[in-house]
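In the numbering used here, the protein residues as written are 726 to 1266.
Honestly, the hints are just simulated from the structure, not real lab data.
Every residue gets a Cβ at the ideal spot worked out from N, C-alpha and C, and that includes glycine.
Incorrect hints may appear among the rest.
What the hints assert, rightly or not - Cut-off 25 Å, straight-line C-alpha distance, at most; resulting in silico cross-link-like pairs (PhoX-like, lysine-lysine):
#1 K1208 <-> K1044
#2 K1249 <-> K1208
#3 K1249 <-> K1080
#4 K860 <-> K1249
#5 K1080 <-> K860
#6 K970 <-> K1174
#7 K1044 <-> K1174
Claimed, not checked - Okay, the calculated beta carbon distance ranges per label pair:
#8 V1250 <-> A1139: 12 to 22 Å
#9 I813 <-> L1049: 31 to 41 Å
#10 L947 <-> T830: 25 to 35 Å
#11 L1049 <-> F999: 51 to 61 Å
#12 I979 <-> I1226: 34 to 44 Å
#13 Q943 <-> I979: 28 to 38 Å
#14 K1249 <-> E1109: 45 to 55 Å
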Amino acid sequence: MPSSGVRTLGDTSRLAMTLKFGTDAYIYSLDGTTTYSYLAFAASSFGDHSLISTIQVAQSIIIACGKPVIAKIADVGSRGTAYVAVLIFYVIGYIVIASSNNVQTLAGGIIIYAIGYTGLQLLTQIIIADMTTLKWRGLVSGLISMPYIINAFVGSNISANVLVGAGWRWGCNPVSLAPLITTLLWAERKARKQGVAPTRASGPQLSFFARTLSVVDQLDVLGSLLIETSVALILLPLTLSNSAKGGWNNASMIAMIVVGCILIPVYALWDLKFANYPVIARRFVFNRSVVLACAIGAFDFVSFYISYTYLYSFVLVVKPWSLLNATYFSQTQTVALTVFGIAGGVAMRYFHRSKPILLAGVAIRLLGCGVMIHSRGANASDAEVVWSQLLQGIGGGFSAVSLQVSAQASVPHADVAMVTAVVLLITEIGGAIGTAIAGSIWTHLMPGKLAYYLPELSEEDRTTLFGSLYAVAVYQSYDDVMKILTIVATVFAVVPLVLAIWMPNWYLGDQQNAVENVDLAGEKVDNPDVVAQQPSRVSSL
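Make a model of the complete structure from these sequences and hints.
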């Protein structure tokens, strides 16, 4: 199998691989804590700040549907091949963003860059699953995210100084990827020297056309296109309807949603009946842990993005904070999620169970959403506003790490890469839905609120206020709309708590998964949940 090379590395090579991951993690965590700030100012500089939601919806759709393809490349080819592919997207995307002169080019660059960014994160999690047993997996996954704790503060200073100094374009600089490229090339060369890199199978040589068809078949390109097109056609009208001519009376809005809904059963029929290597395999659809992990992750992301999409812009308007402090605030959830993701990993290591951590996480996250309904705006103290984000981050850290381990524990090792990608695929689609809902609420309610609180201004002046991040602070308009967003987010946050009750409570021991119950060397290990006379019960959960 493609991961056999990683699994058979010696202690020295494992240490080197770990250091490589540490370097990679630091780079893309610095990226993740700065690029979001640049996006808001870049869109505003082109006079289209309200299009942030639309750009993020398109970005979320494409990076979500790209995950299974990246996982398939990692399985069919090698982990190194997949790394090279996503790295190319990463660099090209940065170049396009930095050189953009309009919001359309900016959007294209963001989408290209996001494929590389999310691919690096996915492949890191896949290789961690290759190298760790269940009891350590959550902790190692959490530790890989540790650089976010540092970069939440370092990145805030960097982005704030770049924005007031050189400008957002200079923040989008792929030169910082040099260490990542160097470590990648070293790891690939090391693998080839040790003979653990995959080689071409012997046998008759296929023609270029036959090889192309084989690759297309194994990557299920048609299935990926169907689900990507379906989700895009359903979600994009939610944010485009306000700016489109005639709004919802525009026939194209309705047509996109109708066609998108029709494509859902078409995709299901293709993947379940005709695809040889489906994006979402039939066995995943009937795996309780995988289905629940997908649903919990999706609803959690819907809730998160509804309340978070316009949060940065909101606090800049309603709070008298400096740009640096506002950027610090935007990283509050990231820091809390990272710290308590590690704490959740420690708890799973010593309690050997994932479900209690998951239940605690989704409950705390719901509490944070509820607190935000009251503690969100100018009338709330700074401590209240920050604590609402801390609670969501604490809950998110617990739930994210336990959710991933639960899904990976429920399948054989050969399926770990695809299950990881599928769970992230559905979760990212939830994020796209949340962003679309946020954008729809914001774009439909904000102009009306501005007209209500500023009746003396012309429609043109109100449009200018709505479209610019540097608008006169219309506190009440922003506060009213954010209240609606937080209420809707809280309603969606209830669903993960209910679903988590039915998640199997896997035993996390020295096995790589709870189905095969073998360690990294392939030897059988004890699992107190498995009855020796009925081994099939584990796989039926």
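Item to check | Index of numbered hints that the structure contradicts, given in increasing order | outcome: 2
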